[in-house]
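Undergrad: Residue-level listing of the chains:
Number of protein chains: 2
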Amino acid sequence: MRGAILRAAAGVFRERGFAETGMREIAAAADLSAANLYYYFKNKADILYFCQDHSVGRMLETTTALARRRLTPAVRLRRVIAAHLVCMLDELDGAAAHTEIDALPPPLRKRIVAKRDRYERAVRRIVADGMRSGAFRKGDPTLTTRAILGALNWTTRWYRPGGRLAPRAVADAFADYLVRGLHP
Amino acid sequence: MRGAILRAAAGVFRERGFAETGMREIAAAADLSAANLYYYFKNKADILYFCQDHSVGRMLETTTALARRRLTPAVRLRRVIAAHLVCMLDELDGAAAHTEIDALPPPLRKRIVAKRDRYERAVRRIVADGMRSGAFRKGDPTLTTRAILGALNWTTRWYRPGGRLAPRAVADAFADYLVRGLHP
DNA sequence: GACAGATTCGAACCATGGTTCGAAAGTCGA
DNA sequence: TCGACTTTCGAACCATGGTTCGAATCTGTC
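Those sequence lines, one after another, are chains A and B. Note that the working numbering gives residue 77 to position 77 of the first sequence, counting from 1, and the numbers run on in steps of one. Note that the working numbering gives residue 1098 to position 98 of the second sequence, counting from 1, and the numbers run on in steps of one.
Hints were generated in silico from the structure; no laboratory data involved. These numbers were taken from a predicted model, which means no experiment stands behind them. A virtual CB, placed ideally from N, CA and C, is assigned to each residue, including glycine.
The list that follows gives simulated cross-link-like pairs (lysine-lysine, BS3-like), each with its CA atoms no further than 30 angstroms apart:
| id | chain 1 | residue 1 | chain 2 | residue 2 |
| --- | --- | --- | --- | --- |
| 1 | A | Lys115 | A | Lys138 |
| 2 | B | Lys1115 | B | Lys1042 |
| 3 | B | Lys1044 | B | Lys1110 |
| 4 | A | Lys110 | A | Lys44 |
| 5 | B | Lys1138 | A | Lys138 |
| 6 | B | Lys1044 | A | Lys44 |
With the C-beta cut set under 8 angstroms, the calculated list includes, among others, these residues of chain B facing chain A:
| id | residue |
| --- | --- |
| 7 | Glu1020 |
| 8 | Ala1151 |
| 9 | Arg1180 |
Produce the complete structure using the sequences and hints provided.
TA: What follows is the structure, given as structure tokens:
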């Protein structure tokens, strides 16, 4: 039940944005009453929090799984980009994860930001390792990582499900372009 | 006076986001009363509209100025990226321009989206021309352009004025990386 | 059928914040 | 100084929307 609510909420968040969507909308999307939402969640921010936590958690999992395998930095980065985009575009909750951090009250925000920073560090490690080993051209790993993540996170602004492009097509094109920029 | 209000409002919008900032905050930042804002602007959305219009207009100007000069696609793109970033990070109103489009009511939003689309088309033309002439590696110009603009627009999420990096440093690093990805 | 607990909801509450109103204060030429 | 106009603001208004409350309904067990 909580899962169903989260999925429904994530969908509305993606279309309308967090601040613009009301509890009554979330309730309608989840097919129950607004008051009933409070039986499962403490408040509106709590719903957003679990959306983001689930999504960032999933992204973090892919990086740790990738870290265990013996892969070239370029391939690793490609996989991360693809996974990130599928999570943002295919599943619903991915969208709100990175776009609405400021909406949370300090205690919750702190936790999400920390988790998201862990993810960003994991991605940066791939970039930095590649630069160190010569697989990637040298540069500022932090700025490069942020450029990459920015391109990825921004997709939710223009991507519309059911459009001319499948998430995988976007993922491939982005991976091509963004990894090529690191070619030595 | 309107200009001063717009600058102050843009600053608050950048830090707090549009939905989270109240009229009373804008008023405090502009050093006048909340009620007095309505002497200069019709309502809150109107303030955001003029912020965005000014900023997108400035970005559009740089592309048209660049189009008149005889430059290689790579240089053109570098200049656009640099100008875009300076506009986003150095000046205040640039931030809200691309991040808060959904907040406007339909009639205003329609106009801003149209103007921003003109800008996106101008950037895409540079990319597409380069791909056609062989200056850039072939690919999907639309997706590539969106990846670039996404990386640029996302900077407002993490960039903090007065931090370790000057806007120009970010602009250079981003231009290096994003243009290199198009190298044939 | 009856009881306890879980689940659901309509209706009302209430804080927030955008907005309006009427009047006060400033500006300026005559 | 006078009047007309511009600019300013405190206070109140009011719609929106998150939240709470108490009761009704459902679920399963004895």
